[in-house]
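Undergrad: These are the residues of each chain, in order.
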Amino acid sequence: MTINEIKGDNSITLAVEGQVDTVTAPDLQRQLLTAFQKSKNIVLDLTNVGYMSSAGLRALLLGQKTATSKGGKMTVTNVCDAVMQVFTMSGFAKVLNIK
Amino acid sequence: MKELALMASDEALYTVLDAIRDALSEHGWEDEPTTQILISAEEIFVNIAHYAYGGESKEAWVKIDADENRCILEFRDKGKPYNPLLKEDPDITLSADEREIGGLGIFMVKEFMDREDYRFEDGQNIFTVEKKRP
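Chain order of the listed sequences is A and B. Start counting the first sequence at 1; every next residue gets the next number (the numbering used here). Start counting the second sequence at 1; every next residue gets the next number (the numbering used here).
These are calculated hints, taken from the structure and not from any lab test. All C-beta atoms in this analysis are idealised placements derived from N, C-alpha and C, irrespective of residue type, glycine included. Treat the hints with caution; some may be incorrect.
[Stated by the list, open to error] Sample of chain A residues lacking proximity to chain B, with all beta carbon distances greater than 12 Å (derived):
hint : residue
1    : Ser11
2    : Ile12
3    : Arg30
4    : Thr47
[What the hints assert, rightly or not] A short, non-exhaustive set of chain A residues, derived as facing chain B with CB atoms under 8 Å:
hint : residue
5    : Ile6
6    : Asp21
7    : Val23
8    : Gly50
9    : Tyr51
10   : Leu57
11   : Gln64
12   : Lys65
13   : Thr66
14   : Lys70
15   : Gly72
16   : Asn78
17   : Ser90
18   : Gly91
Using the sequences and the hints given, assemble the complete structure.
TA: In structure tokens:
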């Protein structure tokens, strides 16, 4: 998994590519928390993510909680069907701000 | 049928997932059920790696039995007896603030697979899951 950070005017976009699993999720979590130190608004672009296990959900939940505690926003974009299925089944479709 | 004997650790995860992916691909399984099976396998294997031996990396065995119509996975370890099916399902209706980090792994297995069976036999946890091809 690779993560490309793109700075915007009022937000930072993290473009994730690859599988978000037990091995890679800690890296996503680290980069999310680092990005929240620079901006309170984060966009997580999942265009190139086709696999997410519960380890990835943990990282996203932590990101969402961080956004709330900072009065910011975490927006998840370009979710493919396979990952959306995981979000829906786990209740994360309602927990996350998905566009 | 293929059987893997390996050390239960995060590092071994891709060995397990690659073997399952290859077996399903060989029988022409589509992407969606393949991903669901792989996620389920990850949740079960990582559970063994993290908890079966109190954090130590010790032996685990994974049996992969796939054909055109169904996929059966059997996970075995010699760790402390633990039936993951007895774990209470998380409340998926809670808000982000109310939700705890974690607890979703075995729930995902139950949602994605068609059959789950646990038994403790000859000092081994044996967890078997099956998915029929949609």
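Undergrad: Please verify that hint: Lys65 of chain A, Cβ, nearest Cβ of chain B, below 8 Å or not.
TA: holds (6 Å)
Undergrad: Double-check Gln64 of chain A for me: the hint is only fine if its C-beta lies closer than 8 Å to a C-beta in chain B.
TA: holds (4 Å)
Undergrad: Interface hint check: Gly72 of chain A, Cβ to nearest Cβ on chain B, cutoff 8 Å. Holds or violated?
TA: violated (13 Å)
Undergrad: Please settle this one: Arg30 of chain A was flagged as non-interface, so is its CB more than 12 Å from every CB on chain B?
TA: Per Cβ check, Arg30 of chain A is outside 12 Å of chain B; nearest 15 Å; holds.
Undergrad: Hint validation: Ile6 of chain A versus chain B, beta carbon distance must be below 8 Å. Holds or violated?
TA: violated (24 Å)
Undergrad: Do the numbers back the hint for Lys70 of chain A, that is, is its least Cβ distance to chain B under 8 Å?
TA: Not OK, violated: Lys70 of chain A not within 8 Å of chain B, min 13 Å.
Undergrad: Does the CB of Ser90 of chain A sit less than 8 Å away from some CB of chain B?
TA: holds (5 Å)
Undergrad: Classify the hint on Gly91 of chain A as holds or violated, based on whether any CB of chain B lies nearer than 8 Å to its CB.
TA: Holds. Min distance 3 Å.
Undergrad: Against chain B, run the beta carbon of Gly50 of chain A and see if the smallest gap drops under 8 Å.
TA: With a closest approach of 7 Å, the Gly50 of chain A hint holds.
Undergrad: Hey, does Ser11 of chain A actually stay past 12 Å from chain B on C-beta?
TA: holds (19 Å)
Undergrad: Verify the interface restraint on Asn78 of chain A: the C-beta must sit less than 8 Å from at least one C-beta of chain B.
TA: violated (17 Å)
Undergrad: Does the interface hint hold: is Asp21 of chain A within less than 8 Å of chain B, judged Cβ to Cβ?
TA: Result: holds, 6 Å to nearest chain B Cβ.
The structure is inconsistent with the numbered hints 5, 13, 14, 15, 16, although it conforms to all the rest.
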